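**Q** Sequence:
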Amino acid sequence: MPDIKNEDLLSLHYQIEKAEVEQQKLEDLLNDRSLELKKNRASKIMFKILCSVLLITTITLIIYVVFWVGNS
Numbered sequence: 460m461p462d463i464k465n466e467d468l469l470s471l472h473y474q475i476e477k478a479e480v481e482q483q484k485l486e487d488l489l490n491d492r493s494l495e496l497k498k499n500r501a502s503k504i505m506f507k508i509l510c511s512v513l514l515i516t517t518i519t520l521i522i523y524v525v526f527w528v529g530n531s
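Each number in the working numbering comes from the position in the sequence shown (counting from 1) with 459 added on.
Bear in mind the hints are in silico, worked out from the structure with no lab data behind them. Accuracy of the hints is not assured; some may be wrong.
[Unchecked claim] Within a straight-line C-alpha distance of at most 25 angstroms, the following computed PhoX-like cross-link-like pairs (lysine-lysine) qualify: (1) Lys477 <-> Lys464; (2) Lys507 <-> Lys484; (3) Lys497 <-> Lys507; (4) Lys484 <-> Lys464.
On a predicted model such as this, the values are computed, not experimentally measured, just so you know.
Sequences are here, hints too, so could you generate the full structure?
**A** Next comes the structure, spelled out in structure tokens:
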């Protein structure tokens, strides 16, 4: 079994810590992006609902004006 020097162990330990910090940064970035996408998805759904309600209201008003007010 080869001899491992303290310097080599310290260097390896430093590299592992550096990799762990980088991994944590990437995980945080991924979580931030995931949260942002969830918010965007919720906004899109609310926008679709609002547009649908406005469209239905507009169609209802047009039908009312054409059929009921127009016949008066």
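**Q** Indicate, hint by hint, whether the structure satisfies it.
**A** Structure-based check of each hint:
1. Lys477 <-> Lys464: Holds - the C-alpha atoms of Lys464 and Lys477 are around 20 angstroms apart, at most 25 angstroms.
2. Lys507 <-> Lys484: violated, 35 angstroms
3. Lys497 <-> Lys507: Given pair Lys497, Lys507 holds - Cα atoms ~15 angstroms apart, limit 25 angstroms.
4. Lys484 <-> Lys464: violated, 31 angstroms
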